[in-house]
Every structure is written in structure tokens, then in C-alpha cells.
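S.K.: Guided by the hints, dock chain B onto chain A, whose structure is given.
Read top to bottom, the protein sequences are chains A and B.
Taking numbering that gives the first Met the number 0, the leading residue of the first sequence gets 0, the next gets one more, and so forth.
Taking numbering that gives the first Met the number 0, the leading residue of the second sequence gets 0, the next gets one more, and so forth.
Simulated from the structure, these hints should not be mistaken for laboratory data.
Glycine included, C-beta positions come from ideal geometry on N, C-alpha and C.
Heads up, a few of these hints could be off.
[As the list claims (entries may be wrong)] Quick list of the computed label-pair ranges, beta carbon to beta carbon:
| # | chain 1 | residue 1 | chain 2 | residue 2 | range |
| --- | --- | --- | --- | --- | --- |
| 1 | A | 125 | B | 123 | 45 to 55 Å |
| 2 | B | 155 | A | 90 | 56 to 66 Å |
| 3 | B | 157 | A | 150 | 34 to 44 Å |
| 4 | A | 129 | B | 83 | 39 to 49 Å |
| 5 | B | 154 | A | 131 | 27 to 37 Å |
| 6 | A | 131 | B | 83 | 24 to 34 Å |
| 7 | B | 6 | A | 55 | 39 to 49 Å |
| 8 | A | 96 | B | 69 | 21 to 31 Å |
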Amino acid sequence: MFIVNDLIALLAANLILNQALGTSTLFIAANNRRNLTWTAVAITLFTTVGSFAAFFVAAFLPESVRDLTLLIYTLIISIIYALILSAMFFFSRNLFDRIKKYVHISAFNCAVMGTLFTITDRARADASFMHLGDFVLSGLEAGIGFVLTSLILTAAYRKLNSAKVPSSFRGFPAMLIYLGIISMAVYALK
Amino acid sequence: MRKKNLILEGLWNDNTVLSAFMVISPVIICGDTLRNALALIYAFSAITFVSVLISSFVPQRLPYAAKIMIYAVISSIVFIPAKLAAQEFFPGVVERIGIYFPLLAVNSLIVFQTEARFFRMKKSRMMISLISYILGFDAVMLITAFIRELFAYGTINSRMVDMDTLISGLGLPFGGFIFLGLFSGIFRKLRSATERNKDKEDA
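For reference, chain A alone in the conformation it holds in the complex (with noise of 0.2 Å):
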């Protein structure tokens, strides 16, 4: 019952579904498994780090200067995806080769971006969650949240692309609806 809840509540609080946030990658993603999962692995990783650097952001930049928010948050996003293309170089040239273009398009996009925006505009709202424990559970759930839509979509992939759907509606735009419907169900849900 309690998996139950918490699926729920990851539903409901699902960044995609509720704002559309990383839909163009999802898209990308859902595209093949091996695509899902190594993109699901990135985004994560981009949001979970990126909520914790952002902690800093929230607490210790001054009112005045807010406007800079999204260069410092590039900023930190640069350094992780350097680190992380770096730590991959050096462990192993292979999955370099092999997972690089995964991470180029899980650094700089609206999934990661947006939940660190989401979850400083939520601190800022209510103080009572600025706390660094509280960010980096935000930006984890973001991301698992990213690969329980990623399944979603997954699951009617084939179909979605498959010959019954008529060609102009075949792929991306009935995706679009196919999500829309699911993002009904989830609103119904809240």
C-alpha cells in the first residue's frame, strides 16, 4: 500500500506530467531501451548533484542579484557535466565512446533545469524546506519521476509508431496526446 502512495505522490508531483518539463528529451529517450536507460541514469544524476549544489544557491545568494540564478546554475551544470564526461574518459575510454551523447543531451535541458528552478521557487515559498536533505530528495525524485514516464511511453511506443495510427499522427504527435491523456488521469488523481 505504501509503494501504492508513494507512486502516487510521484505521479502527482511529476515534473512532466505537470509541467511538461524534459518532454523534447523524454521523447528522445523513450526512443529505443538502451536510450531510456542511459538518459534516465544522466538526468538523474544532472538533478540529484544539481539540487544539492542549488541548496547553496537558494540559501546564500542574496535577494539583489537573483537575476544571476540561471548563469550560476549553468555554471554548476558545466562543472558536473565536465566532471562526469571526465570520470567517464578516464574509468573507461569504451563507455565513454559508448554513453557520451547520453550525457550531452541530459546536461543542459528543461528536466534538469526546471527542477532546479521548481525546487528553489518551492524553498523560497515555504522556508521550512530549505533544508539541503529536503533538495537533494527533490531533485532524486525528479529524476525517477523523468524514468517512471520514461515507462510510461515506453509501453505504447511501438504502438504509437506502428502502422494503425494514421501516418500524420504516427510518432511525436501522438505521443503528445498519449501523454496529455496520461497527464489527465494524474491531474484527476491530485
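M.R.: Chain B in isolation, oriented as in the chain A frame:
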């Protein structure tokens, strides 16, 4: 590619939103009123045009990852004056759009398409193509916002109109997903019909 084709590329043949499926989230979430749409059009057009233009001077021999980071940093810097100007020209709208305003600065047209498309062209052709892609987004945003505002709230640019039936769900995120999916399908149908006609005329 001929200049005419270049102009049509981002608008019709490979529309930024409806064909390439880039910058979808602001259209789905904020494209429910014309006021939001106009503010987003301004922000997207200004940030993307200036960022890609400045980014085109980044040395191409740098590693791909380094270039991507530089492009993202450039657009994040361009975002600052764009936001200040938006607060001046569209008071209140920036707050309503919320996080989608800064997210426009890390859109895939700036970060990824620059490398894959724009920087492989000569500067003059790149400018035409870039403007075409920006206009492609602007047109979709305007049409989406007009229809969704009319049918969801019964208004056009916040002015009441006589509407018998309202579909309030169109103003919500799920309405945005479904509308954009339908719009994209109809767009594809129209595009393939015009291509067929053109082929017939050529034959």
C-alpha cells in the same frame, strides 16, 4: 538550398515546435493566453537570436562538450538584459510565466541545433535560417495561445467574446499536450498535402 527554401525551412518544412519538437514545454504550459504568448515570443526571439549570433564566433575547433557549455553560458548571460527589458515592457507577465522564462535560455535550438545546423552554414544563410526557425516558434505559439484562450476562457487577449461552449481543460497542462499533439498531426497532414500537389505540378 535556395533562399526561399531556407526561409520556409523553420516555418514550414521543419517547424521548430511541430516538426522538430523543440521548445515544447513553454507552448504547453504558458501558451494558454495571448498575453503570455507575446511575452514568450519576445523572450524566445531576443534570447535565441542574440545568443546564436554571439555563439557563432566561438572557435569551432574546441571540443563539442566545451562548445555546448559556452553556448549555454552565453545564453544565460543574454537572458539577464532580456529579463530586465521584459519586466519593463510586460509588467507582471514575467512573474506569471515563472520558471519558463529562464528555461527559454537553455532551449535546444541554442544549445544543440547551433552545432548540428546553423554553424555549418555561411553567416548570411545562418541568419536567414535562424530567423525562420524563430518565426516558426512564434507562429505556433500565437496560434496555440489564440485558440486555447478562446476556447478555454472565452477571451481574446483578455477581452471577453461571445462563446457558447468553453472547454476549460484546454487551459490546463493536459489540454496543452493534447492540443499540441492534434495541431502537430494536422500540420503534418497539410504539409504532406501541399508536397503532393507540388509534386503533381512538377510532373
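S.K.: Does each hint hold? Answer for all of them.
M.R.: Each hint, compared with the structure:
no. : hint                        : verdict
1   : A:125 <-> B:123: 45 to 55 Å : holds, 51 Å
2   : B:155 <-> A:90: 56 to 66 Å  : holds, 57 Å
3   : B:157 <-> A:150: 34 to 44 Å : holds, 40 Å
4   : A:129 <-> B:83: 39 to 49 Å  : violated, 27 Å
5   : B:154 <-> A:131: 27 to 37 Å : violated, 44 Å
6   : A:131 <-> B:83: 24 to 34 Å  : holds, 31 Å
7   : B:6 <-> A:55: 39 to 49 Å    : holds, 47 Å
8   : A:96 <-> B:69: 21 to 31 Å   : holds, 23 Å
Of the numbered hints given earlier, the model fails hints 4, 5; all others are met.
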